[in-house]
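Trainee: Generate coordinates for the entire structure from the input sequences, incorporating the hints supplied.
Taken in sequence, the protein lines are chains A and B. Those letters in the first sequence? Residues 1 to 575, per the working numbering, in order. Those letters in the second sequence? Residues 1 to 299, per the working numbering, in order.
Calculated from the structure, these hints are not laboratory results. Don't be surprised by glycine CBs; every beta carbon is placed ideally from N, CA and C. Any given hint might turn out to be false.
What follows is a set of in silico ranges between Cβ atoms, one per label pair, in the way DEER data are often shown [as the list claims (entries may be wrong)]:
hint, chain 1, residue 1, chain 2, residue 2, range
1, B, Ala126, A, Gly42, 42 to 52 Å
2, B, Asp164, A, Gly9, 26 to 36 Å
3, A, Phe109, B, Ala126, 26 to 36 Å
4, B, Lys169, A, Phe109, 48 to 58 Å
5, A, Phe321, B, Ala76, 46 to 56 Å
6, B, Asp164, A, Ala13, 27 to 37 Å
7, A, Pro36, B, Asp164, 53 to 63 Å
8, A, Val194, B, Gly131, 43 to 53 Å
9, A, Ala23, B, Glu286, 50 to 60 Å
10, B, Lys169, A, Leu205, 50 to 60 Å
11, A, Ala202, B, Ala76, 25 to 35 Å
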Amino acid sequence: MSHALVIAGRELAEKRFVFLAAAAFALIAAVMPLVPGVHGNGAEAIVLAAMILATAFALGLAAILGSTIVGRDIAAGRMSFYFARPVGGAAIWFGKLAAAALLVVVSFFIAVAPALIAGPMTVRPVWAGNLWQLAAAIGAAAIVLFFGAHALGTMIRSRSALLAIDFLAAALVVMLAWLIARPLILSQGFRAMVVLGGSYCAALLIAAVGAGAWQLADGRSDRRRSHRAFSTFFWSALAIALVVAALFVAWILSATPADLSGRIYVLQPPSGDAAIVTGDARHRLDYRPMFLDSTRIHGTGWATFSRDGQRVLILEVKSPFSQAAEFVVRDAAHGWRATPTRLAFRHWVGPITATDDVARVAVADGSIVTIYDVASSRALGSFNIGHAGRVFRMMFFVTPNVLRLYAIDQKLQVLELDVAARALHKTGEATIDASPFQWILRASADGTRAVIGKRGGPVMLCDGRTLQPIAPADENARFLQDGRLVKVPDHFVGEVAPGKALIATRSSTQLVDLDTGNVLARADGLQWVPKFDSFWFAGGVAMWSPDPRRVMLNPNGFYTKADGSLVRWNPLRAR
Amino acid sequence: MSANEVIRIDGLTVRYGRKTAVDDVSLTVPRGAVYALLGRNGAGKSSLVRCLLGQQKPAAGAIHLFGDDVWRRRAALMERVGVVSEEADAPPEMSVAALARFCSSLYARWDQEVVDSRLRRFGIAAASRFGDLSKGQKKQVSLALAMAMSPDLLVLDDPTLGLDVVARKSLFEEVIAELADRGITVFVTTHDLGGIEALADRVGIIKDGALVVDDEMEALKSRFRRIRYPAANAVAFDAATLKPASVRAWGGGAEAVVTNYDDVAFERFRSTSNLSGAEVAPMSLEDIFIAVTGEGAES
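Mentor: Encoded structure:
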């Protein structure tokens, strides 16, 4: 330790002129208001100039020190001076490192001193609160520059063929780091990604610091051996870090549906046992795995099941860093293996809706709505709906050939896209005296009728196609599968069998006969898991569009117990 | 390793890629001895010295100083080893005084008076930048720093390089002689054979990486002899058991350098070869060095 301090002291004494140079930069910033052509607030000019000059000075100094503080002495054959003394290689390295750190930090604060002095005088708070953030950012950049320059300097000065291996190793490390991180990135585990990213940065720093020490401890005064020692330690340390990172990611990804414990959402078809489930995984930071039954799936931007639950159409996001997405089909008969459709998009699209058998899908892209045949990837028809495309309220297939849209262009409009006739018809419109966010719009399962109105205001039963009023309706009225419009009780979730509805509170779930009001089944301590007909899980790629035809819930639903564990319960089979 | 051995080198091999710079060298230097390692430029001396100081890891073999492996225990061993390197390696920006201060804080034993007196003697200002000094002055500063830490072993890598006659004389006659008198072990590589001849107890000659001579100075000088004889024809060295290192024409006859001279063998040589006019002459260290390392010479 004392030897490291002696080395640091010697380095500082040798390079003390750096402080004078920093002071000269500070002086330049201080006289900035006197420079012809600089107008306005003088204090602000000083602050900005000092910040810019101090940043440039600190970063430049870090890069220069990194490339010279050890590499130059080794290349010039002067490192033997240190090695002829009773000083360990680590003491030499850490002494020089400490001196470099002190030089950069002190120089930065000397150069930025005018900003600290003039800052409180500025009209705009160009410095307040930002200075420490700026210092931290510059510190991080300086560390990268210092160690980057040191590594490159060591490698290039050795003029050894090992340089080629270094570049290969660098490429390999970057590729492996990305491959290890990718599943976390795709699954949007933000905190897990932060931990992994932080670990990568820490590993890089430790590898760079350790490699510098090992370079002098084992490579000593010979530039090629020094390079070899540096590279051996650096890449070995990173290899170990990658193995640890891979184990960390593997542990995160090892979550099973049984590990889901919070913020759980489920996508279920009206019938069958298949389901897509997502939620927070226990003890795995904020990782939210998604499972199609027990198969883990990633990058789901939008999904919907076929009515029979044997097939699911998923808009799969290719990368979290782009908006590119492609429809894939997963089939129960093929073990839910993904089959690409070649229906791909380079940017966000939506809303999206599909036919009952998911053989056709309609995709809105701005004012253009296109209907595709999924099996052949062919566009069956493409329609420009003009300004109505700005705000969708609802979109669904009335028949496989007819897509109905409820959209807003000043008024609520109903548009029908006929694929067979390749025709676009406006079939009805209505005016609702409220902001669209307050609107109520519900359609019956067959699409023949609709309820429109505003929250807390008049609500009307209308013709689903023309929006011609039929009769006043209650705000809490819902269409049942058989077409009836009934006022549902509070905490109504949905119909699971004709006339039988789930009523769910935080503490219990009940099956209620809507005609008699009788409780047919009750499960205390089970909390209903939110369910959507179609929704986005990750990436926010596609807007959600309710599908009124999916009025019936799958009776074998998902619930969480008090301990957070996920269970299935079928109230129709409950005694 | 015996307690009396300060340096022990076993099977030292240094390679740079496919080139072997030092080839299986073994030697020992006892406490208090002055060991002179000689060799032509590129013979492998500097590589050997770097290994000796723990600055370079050999491809094979080991070096022990004071019984400790120098590669593993370099930092601790350097507390006892003074070094004057071939090239002035001190930071050129530092003043001589700053260098002395820096070094004094690294050694437990430090005698500043040694530095001051040597600087005074050679007229070197303590405030001078090391980089501004002449080659000879740099050597003197390096020597002063190496002496000031009261070494048990002094390693001098071509210490007379760049020194003027006075400084060279001072180095050999005062410094090394004094150190030898004080029982301090000296390991020196030099091209100044005349200077070291009177001081070295033991001599090693390295040629193409191999240690071809490793002997006591007196023994070396007694077994190397120049024999001149009036015959140009081949003569019976084998029968006389004399081993010639080189044979060349000289005047009307020939001159041979033998590496294993003794009086009995020489008499046998004279009688078996009918060369009663053959004369034998002693050789200086320089002559021996040339005979061993010269073109076509064999040890």
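Trainee: With reference to the structure, classify each hint as holding or not holding.
Mentor: Hints versus structure:
no.: 1; hint: B/Ala126 to A/Gly42: 42 to 52 Å; in the structure: 48 Å, holds
no.: 2; hint: B/Asp164 to A/Gly9: 26 to 36 Å; in the structure: 35 Å, holds
no.: 3; hint: A/Phe109 to B/Ala126: 26 to 36 Å; in the structure: 34 Å, holds
no.: 4; hint: B/Lys169 to A/Phe109: 48 to 58 Å; in the structure: 55 Å, holds
no.: 5; hint: A/Phe321 to B/Ala76: 46 to 56 Å; in the structure: 54 Å, holds
no.: 6; hint: B/Asp164 to A/Ala13: 27 to 37 Å; in the structure: 31 Å, holds
no.: 7; hint: A/Pro36 to B/Asp164: 53 to 63 Å; in the structure: 60 Å, holds
no.: 8; hint: A/Val194 to B/Gly131: 43 to 53 Å; in the structure: 50 Å, holds
no.: 9; hint: A/Ala23 to B/Glu286: 50 to 60 Å; in the structure: 59 Å, holds
no.: 10; hint: B/Lys169 to A/Leu205: 50 to 60 Å; in the structure: 55 Å, holds
no.: 11; hint: A/Ala202 to B/Ala76: 25 to 35 Å; in the structure: 33 Å, holds
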